[in-house]
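S.K.: Below are the chains, spelled out letter by letter.
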Amino acid sequence: MSLRRVGVVAMPYAWLLAFFLVPFLIVLKISLAHQATGIPPYTPLFGDGGIRVTGENYALIAGDALYVKAFLGAIRYAAIATAVALVIGYPLAYGIVRAPQRRRGLLLMLVILPFWTSFLIRVYAWIGLLKENGIVNHALMSLGLIGAPLPLLNNDFSVILGLVYGYLPFMVLPLYAQLEKLDPALLEAASDLGARPYAAFRQVTLPLSLPGIAAGVLLVFIPSVGEFVIPDLLGGPNTLMIGKILWDEFFTNRDWPVASALAVAMLILLALPMGLVRRQLRGTAP
Amino acid sequence: MSKRFAASGPAAVDGVSVEIERGEFFVLLGPSGCGKTTLLRMLAGLEAPDRGRIVIDGADMAGVPPYRRPVNIMFQSYALFPHMNVARNVSFGLRQERLGREEVAGRVAAMLELVKMTDFAERPPGSLSGGERQRVALARALVKEPKLLLLDEPLTALDRKLREETRFELKRIHRRVGITFVMVTHDQEEAMSMATRIAVMRDGRIEQMGAPEAVYERPANRFVAGFLGAVNLFEGKVADVGDGWLWVETDVGRLAVTHAPLALGTDVALAVRPEKVRLATIPTQSSLNSLPGILRTIAYRGEASSFEIELASGRLVRATLPNLGDGIGFAPGSQIWLAFEPDAARVLQS
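Chains as they are written, first to last, in my numbering: chain Z, 1 to 286; chain L, 1001 to 1350.
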């Protein structure tokens, strides 16, 4: 292998090493330390003539129902949001693919357009829309559709809405890329061979778009599980998501070791099932 | 039937009317963009005609979607489903009819046998060669036992040797299944070797329709003569009329041709196929239509050789002689006489 080839192959590994593996090892190290008063607020790895590690942070997480509930809660919110994003995103991507060539660029641009505004500001904007005397309730009451304001904010509804709104483009784009590759002749062949439109969709379009669905689901689900801003701004007192707990441990309690242990546990619990899903799909994908 | 894609554009299919007999191997032949594929897609129901109708076995196909027509098409790209193996591809059409599992399996097995793909049943299409994919596509369309099988440039994606073998294979299968085949091609050799009848198309219209021999030997106009094989055209005017023959004054001299009487001065073209041109190193006195020239090029093709002869007027005439194994006996640059019989030329008026 030439030096240039080595360089090309080494680049992504160097990137992952510098910006993923090294930071991860630092977090792992902190998760195995004790909390301490001082800067940094944890005990060093080497000291007293040996390596000092403790599993007590992990024992604390596993033993406290709050963390387990927060983790399961995050998975529940993320799963619902991913399902809703798929149901909305699939027809959206399909529609863009079927649109006339000259209009596709504009439609894709509209999907990406929200990224031009800060994520935080866009989530804030939803507060103005959803609050009790906000625009949505105001409009519905003016139209006489409802007598009293609907509880739209600080509940499960607003959290799911925020997650779907925030991550929908990550569902639409991989689906679009996958559906765009689909040869229209395959659908003509299915129709010619006697498949009605729905049967052709189920037997040809859907299986051939599975890799796009998998990519979209992962891209929406993973960041949704760790999401902190949306549950913080749009959630209520009952919204338990692990990202929010992690934030509190880190900044409010200043318990870096427990926060680090949470981060490591989250990563492992998410990475394993995702890896399995991906392996499964690689077997079936064309 | 007629069809145009853009309201202002030219018609893709323009006033075409065809009647195809049951069991025929009908070929639509023409250059790309002549409307032959559009015609095929209208038969399949993938395009709708603007005007006119399609009747199959007495049933009007107007408004009948592709999935309810007794017609199956084999696409130029084959359009095999990449996520299904060969057997699943072939059974796709039968599964839509909700036939019993055993009947489906039996018919798929029989069809794979017919196209000699039995050993490939479990393979994904991605692992097959072009020729193998072509046979799977054929089996997938035939297994439904359609009244009409449409083939869109079925051999174009194959290499030359395989293409020639597959011609015989397709004819064999056509005879075996007894289904009406309609094939689209731009390859005149392919059309002539396979068709029971050919329709030569240009600019959305049918220029001539008939058996391969008829279209080749008696082309109706200059386009058909030139599209089906090579041809030498001698333009001229009728100069004298006899009993069953004409004298035509052309730029290479006066030529005789057997033909029914035409008015003096009529513009005509004489079409002479290269294989009907005879060559000699000395002038043959008994022969009409004998022209002197210089042999310019010899192209050895194995089974035959092609010659280009430059006449005194500077124009080139092509001739083809079969390779009889006794050598050619001509050398480039030598003086030569070419001749053709009066009944070897076809008189074209359009």
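Among the hints, erroneous ones may be present.
[Claimed, not checked] Output of the computed footprint for chain L on chain Z, the stretches with three or more beta carbons under 8 Å from beta carbons of chain L:
hint, segment
1, 25–37
2, 181–195
[Said to hold, decoys possible] Here are a few chain Z residues that sit away from chain L, every Cβ distance over 10 Å (derived from the structure):
hint, residue
3, Thr54
4, Lys69
5, Leu152
6, Phe250
[To be verified] Restraint-style ranges between C-beta atoms, simulated for each label pair:
hint, chain 1, residue 1, chain 2, residue 2, range
7, Z, Arg4, L, Arg1175, 56 to 62 Å
8, L, Ala1105, Z, Leu210, 41 to 47 Å
9, Z, Arg76, L, Glu1145, 48 to 54 Å
10, L, Gly1130, Z, Asp156, 51 to 57 Å
11, Z, Glu180, L, Arg1160, 47 to 53 Å
12, Z, Asp156, L, Glu1145, 34 to 40 Å
13, L, Glu1102, Z, Leu267, 47 to 53 Å
14, Z, Glu180, L, Pro1332, 34 to 40 Å
15, L, Ser1077, Z, Val277, 31 to 37 Å
16, Z, Ala177, L, Gly1130, 39 to 45 Å
If you are wondering where the hints come from, they were derived from the structure by calculation, not from laboratory data. For each residue, glycine too, the CB sits at the ideal point set by N, CA and C.
S.K.: Determine for every hint whether it applies to the structure shown.
M.R.: Against the structure, the hints come out as follows:
{"no.": "1", "hint": "25–37", "verdict": "violated (count 0)"}
{"no.": "2", "hint": "181–195", "verdict": "holds (count 11)"}
{"no.": "3", "hint": "Thr54", "verdict": "holds, 51 Å"}
{"no.": "4", "hint": "Lys69", "verdict": "holds, 41 Å"}
{"no.": "5", "hint": "Leu152", "verdict": "holds, 43 Å"}
{"no.": "6", "hint": "Phe250", "verdict": "holds, 46 Å"}
{"no.": "7", "hint": "Z:Arg4 <-> L:Arg1175: 56 to 62 Å", "verdict": "holds, 60 Å"}
{"no.": "8", "hint": "L:Ala1105 <-> Z:Leu210: 41 to 47 Å", "verdict": "violated, 27 Å"}
{"no.": "9", "hint": "Z:Arg76 <-> L:Glu1145: 48 to 54 Å", "verdict": "holds, 53 Å"}
{"no.": "10", "hint": "L:Gly1130 <-> Z:Asp156: 51 to 57 Å", "verdict": "holds, 56 Å"}
{"no.": "11", "hint": "Z:Glu180 <-> L:Arg1160: 47 to 53 Å", "verdict": "violated, 34 Å"}
{"no.": "12", "hint": "Z:Asp156 <-> L:Glu1145: 34 to 40 Å", "verdict": "violated, 56 Å"}
{"no.": "13", "hint": "L:Glu1102 <-> Z:Leu267: 47 to 53 Å", "verdict": "holds, 52 Å"}
{"no.": "14", "hint": "Z:Glu180 <-> L:Pro1332: 34 to 40 Å", "verdict": "violated, 56 Å"}
{"no.": "15", "hint": "L:Ser1077 <-> Z:Val277: 31 to 37 Å", "verdict": "holds, 32 Å"}
{"no.": "16", "hint": "Z:Ala177 <-> L:Gly1130: 39 to 45 Å", "verdict": "violated, 28 Å"}
Hint compliance for this structure: hints 1, 8, 11, 12, 14, 16 are broken, all remaining hints hold.
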